[in-house]
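**Q** Line by line, the protein sequences give chains Z and V.
My numbering numbers the first residue of the first sequence as 6 and each following residue consecutively.
My numbering numbers the first residue of the second sequence as 67 and each following residue consecutively.
Simulated from the structure, these hints should not be mistaken for lab results.
Beta carbons: idealized from backbone N, C-alpha and C, even for Gly.
Heads up, some of the hints might be wrong.
Some chain Z residues near chain V, calculated using beta-carbon distances under 8 angstroms [said to hold, decoys possible]: (1) 18; (2) 49; (3) 51; (4) 58.
Calculated Cβ distances over 12 angstroms to all of chain Z for the following chain V residues [said to hold, decoys possible]: (5) 155; (6) 274; (7) 296; (8) 407; (9) 464; (10) 539; (11) 544; (12) 566.
The calculated lysine-lysine pairs, modelled on DSS-like cross-linking and capped at a C-alpha distance of 27 angstroms, are [said to hold, decoys possible]: (13) 406/V / 454/V; (14) 454/V / 9/Z; (15) 162/V / 9/Z; (16) 33/Z / 526/V; (17) 213/V / 43/Z; (18) 406/V / 33/Z.
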Amino acid sequence: MSLKIIADLCTGCSACEPECPNEAISEKKNLFIIDPDKCTECEGDYDTPQCVAVCPVDHCILPLAA
Amino acid sequence: MQSAAASYVSLDALKSNRNALAEPVDAPAHAGCGTSGGEGKASCGTSDGPDDMPADVWNKVKNHPCYSEEAHHHYARMHVAVAPACNIQCNYCNRKYDCSNESRPGVVSQKLTPEQAVKKVVAVASEIPQMTVLGIAGPGDSLASPKKTFETFRMLQEQAPDIKLCLSTNGLALPGLVDEICKYNIDHVTITINMVDPEVGAKIYPWIFWDHRRVTGVEAATILHQQQMLGLEMLTARGVLTKINSVLIPGINDEHLIEVNREVKKRGAFLHNIMPLISEAEHGTVFGLTGQRGPTAQELKAVQDACMGGANLMRHCRQCRADAVGLLGEDRSEEFTLDKIEEMEVVYDLDRRRSYQDRVEAERQAQHAAKVEALAATQDAGAADGIKVLVAVATTGGGRVNQHFGHADEFQIFEVSAGEALFVGHRRVDLFCQGGYGEDEKLPSIVTAINDCHAVLVSKIGACPRDELKAAGIEPVDNYVDEFIEKAALSWFADYTGRVARGETVHQARGDASIRQGAFTAAA
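Please put together the full structure from these sequences, using the hints given.
**A** What follows is the structure, given as structure tokens:
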């Protein structure tokens with residue numbers, strides 16, 4: 006269970022990074038990526054995934070296809 | 067900086083002149099920025115009686131280009147783009163957009179780490195000694211990434227202690243960070259406030275990120291509004307000067323901004339800056355895509371004029387980018403990209419900066435004194451019959467009519483009536499003349515930009531544009547070369563009203579003008 010940032014849509018604004026309760030988000034070449042091993046989709050911490058709620062671009066952060 | 071020679075107008079004299087100008091709240095004249103006929107008004111005006119600008123306030127604004135209309139001709143500012151994250155969404159903003167040929171808030175080419183930002187500031191301050199102000203304006207919200215913003219301020223205070231620090235914010239995170247703001251001696255804060263009614267706010271802000279969730283609609287606007295008002299009150303209580311930016315969105319908050327003006331004034335706002343919405347489909351903003359238009363020049367001026375009795379109005383804003391460098395209206399950020407800064411040998415020489423700024427201040431006061439003297443000798447128009455007109459002015463600075471029509475990429479607009487020439491704004495235009503010859507296809511856009519003016523004062527103008535302007539009903543005037551603008555405007559006005567009185571000219575109202583939208587490429 007993990008989310009994924011669509012690189013083509015990411016603006017590199019960094020809003021998501023500090024919101025992640027699992028420190029799963031990091032910067033890579035001016036954009037941001039989610040470590041699937043750390044991401045819990047915020048289950049147990051918040052009602053909605055924090056990165057999705059704060060991201061300024063619609064559909065930029067989606068569930069990682071299994 | 068107070069050590070100007072005796073022959074110059076002293077700061078105390080300027081201040082006492084300003085105080086003498088203080089008028090009751092309902093007085094229509096003298097408010098806003100600019101010099102009013104013959105009297106020594108040095109800066110953005112105190113339009114309202116009780117606020118007579120104490121010395122500590124004057125010291126804060128006198129060389130801040132955004133807070134003082136006069137200072138912006140002499141002192142430069144820069145923004146560093148260290149805060150890309152935002153905590154709200156506005157319908158006039160698209161975070162994806164980045165174009166170096168464009169000038170509008172929120173747009174930036176290169177985001178910086180705090181370390182890179184400090185390096186850039188020190189490099190610019192060494193190269194441009196009249197750079198006195200560093201602002202963090204995004205490109206997101208400066209307080210949505212508080213760590214980066216305050217880390218930049220902390221390092222700057224150590225390395226360049228003479229630079230004034232300011233920031234701009236949407237206000238959502240402001241109340242929780244007021245202590246931090248005061249800790250770094252940030253004495254100017256800009257808050258963007260577009261509404262004081264959440265119903266209006268819901269049309270401007272689709273959502274905010276608050277308390278770990280995305281909040282939408284009127285609920286979102288209510289929270290934002292409460293945070294903005296609380297933050298403003300807290301800053302006022304701590305003695306921090308505040309500027310309120312409001313984006314005028316026709317049909318959504320135009321008349322409402324008068325109420326915004328009243329509410330922010332009540333809470334101690336120092337300056338109110340009402341800016342036109344910039345909206346084009348190619349910007350990809352919600353408003354751009356829905357066809358929401360920006361205001362015309364008359365619509366903007368009507369709202370600004372209606373607010374004249376409220377907080378002091380800023381009329382010289384150029385809506386600059388979150389990484390702009392230089393005097394307002396110019397952008398030298400291309401000279402200070404990261405690659406170029408790496409190669410620069412930078413020595414931060416505080417003494418050199420101080421002595422340069424002393425010269426700038428002396429020059430500014432000399433200019434001011436000369437202007438006061440020139441205006442004292444200006445004759446008032448006799449039978450003006452309540453006529454009030456706008457004139458456009460081409461100037462390269464120094465407060466004088468000294469620019470060729472074809473070299474102007476913006477015109478200053480003055481409202482002239484008997485005994486008063488009041489600066490009311492700028493109009494950006496495409497350069498008419500590039501490479502020494504006029505390009506006729508660009509003339510119509512200039513006419514559109516100053517179409518509400520009766521005359522355009524220039525140092526020189528070619529035969530072709532002269533005829534075109536006349537045909538459009540705008541009088542080209544080139545016989546006040548190098549005169550102070552207010553003096554030239556009043557002299558032309560006396561001449562004009564004289565011609566009207568003698569029946570040689572029929573006074574007619576002018577039409578509306580459009581505000582320049584979209585990409586603007588500064589002359590290289």
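**Q** Honestly, which of those hints from before does the structure not fit?
**A** 2, 5, 6, 13, 14 and 16
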